[in-house]
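Undergrad: Sequence:
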Amino acid sequence: MVSTQQMESQALLHDNGGPVREPSDHPDYQSVSIHNDTTLEGKWPEKRPEPEPPRKDRFSSNQRRMLVCISMVAVMDGSLIAIMIPFFPVEAASRGVSQAAISGVFSCYAVAKMMLSPLVGRLAPKIGISRLYNIGLALAGATTLLFGLLNRIEDTQTFMGAAFAVRLVEAVGSAAISTCGYTIAGSEFGSRVTTAVAVIGSSLTLGVALTPALWGGLYAVGGFGTPFFTLGALMLLTSAALIRLIPDIESTHCQQAPFATSLLKFLGAADNWLCLATVFVFSAVINTVEATLAVYADRVLGVPPTLVGLFFLVSSTITMLDASVASGLDDSLATRAFVSSLFHVVFSLGRAFATGQGPVDITDVGIGAVGE
1 MVSTQQMESQ ALLHDNGGPV REPSDHPDYQ SVSIHNDTTL EGKWPEKRPE
51 PEPPRKDRFS SNQRRMLVCI SMVAVMDGSL IAIMIPFFPV EAASRGVSQA
101 AISGVFSCYA VAKMMLSPLV GRLAPKIGIS RLYNIGLALA GATTLLFGLL
151 NRIEDTQTFM GAAFAVRLVE AVGSAAISTC GYTIAGSEFG SRVTTAVAVI
201 GSSLTLGVAL TPALWGGLYA VGGFGTPFFT LGALMLLTSA ALIRLIPDIE
251 STHCQQAPFA TSLLKFLGAA DNWLCLATVF VFSAVINTVE ATLAVYADRV
301 LGVPPTLVGL FFLVSSTITM LDASVASGLD DSLATRAFVS SLFHVVFSLG
351 RAFATGQGPV DITDVGIGAV GE
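Take the sequence shown: its position 211, counting from 1, is numbered 211 in full-length UniProt numbering, and each next residue is one higher.
Honestly, the hints are just simulated from the structure, not real lab data. The structure displayed is predicted, hence computed values, not measured ones. The beta-carbon is built from N, C-alpha and C at its ideal position, and this holds for glycine as well. Any given hint might turn out to be false.
Straight-line alpha carbon distances no greater than 25 angstroms define the calculated SDA-like cross-link-like pairs of lysine to any residue that follow [what the hints assert, rightly or not]: (1) K265 - A138; (2) K126 - S60; (3) K126 - A277; (4) K265 - L139; (5) K126 - A213; (6) K265 - A165; (7) K126 - L116; (8) K126 - L264; (9) K126 - S107; (10) K126 - L145; (11) K265 - D248; (12) K265 - T278; (13) K265 - A93; (14) K126 - G190; (15) K126 - T278; (16) K126 - T261; (17) K126 - V172; (18) K126 - D248.
Here are the simulated distance ranges between beta carbons [said to hold, decoys possible]: (19) T226 - S98: 20 to 30 angstroms; (20) D248 - F59: 16 to 26 angstroms; (21) S98 - D271: 52 to 62 angstroms; (22) L237 - V300: 36 to 46 angstroms; (23) R122 - R58: 31 to 41 angstroms; (24) L237 - V303: 29 to 39 angstroms; (25) G222 - D271: 46 to 56 angstroms; (26) P118 - S187: 16 to 26 angstroms.
Let the sequences and hints guide you as you build the complete structure.
TA: What follows is the structure in structure tokens.
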């Protein structure tokens with residue numbers, strides 16, 4: 001019986017690749033048969049090393065340098081949008097220009113930029129993304145310098161015509177800056193493109209927030225041309241420096257879908273129309289305040305342009321803080337609806353206190369949809 005079990009054990013070890021040992025002659029020796037239908041390798045598999053947790057990508061030195069450059073240009077682009085807010089309406093109104101014409105100078109910039117941005121997007125791969133980016137910055141800087149000379153024109157109609165023309169050309173440069181800047185961010189920052197776009201957008205808002213107070217102060221110190229000369233010179237110097245700091249992006253890196261197909265797909269989504277309506281209403285409110293507040297503050301309240309600039313600084317800063325709080329909220333609809341309702345209550349209270357100072361005859365100021 002024992003010898004039979006020993007033979008079975010030897011055969012099993014031989015089948016499983018184990019060492020073959022001779023049966024022991026000791027009287028107490030007993031063999032044990034092992035019933036196993038699988039191999040030892042299948043019974044005890046090797047332990048695989050656990051995968052390392054994915055590391056979060058960081059900006060390289062070149063990417064950090066590039067992001068700083070694009071953010072600086074975004075601040076200048078925001079300054080270009082808001083540089084005229086504190087003092088140009090007052091300057092134009094002192095020449096007898098109607099409020100409708102003053103508002104038109106602000107509106108033509110936004111309309112031209114809106115219409116030219118898709119065209120810039122189509123031309124950028126053909127001309128070169130970085131090249132068109134620098135061209136737009138240089139063009140915006142040159143026209144900003146030119147705008148600072150407009151106050152030397154004595155004829156009112158010529159003054160306003162030149163203001164419209166220069167502002168339209170500035171919109172061309174701004175469209176190239178914004179379109180190519182975001183294209184460079186999407187091409188060069190890889191997995192961190194979302195962070196890069198957020199930084200660029202915040203820099204643009206920072207430029208809009210700081211501009212009225214900063215350039216309004218320069219206007220008080222040096223007159224009409226000082227803010228435009230300063231900003232224009234900074235833009236031209238930055239454009240020259242970016243020739244070496246921003247790498248060339250070839251058109252082969254840009255994969256374009258048919259424009260008509262992309263446009264139809266965009267217009268076919270109802271959510272996009274809702275977003276467009278929201279942006280339109282918000283922009284209309286902001287542009288109305290930009291074009292009319294300085295004149296109202298000067299004629300009715302006696303507030304100088306420097307203090308008007310501080311008002312826009314405070315309001316823009318609150319907007320930035322509001323956006324920061326909203327970005328950290330829960331994405332649920334109930335949470336955002338509740339917070340939005342709170343902001344609307346605060347906004348309504350602000351309007352109630354603002355309009356509770358007594359009646360004001362706005363016909364003396366010339367503020368209205370049709371001007372004076």
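Undergrad: Which of the numbered hints above does this structure break?
TA: 1, 2, 3, 4, 5, 6, 9, 10, 11, 13, 15 and 21
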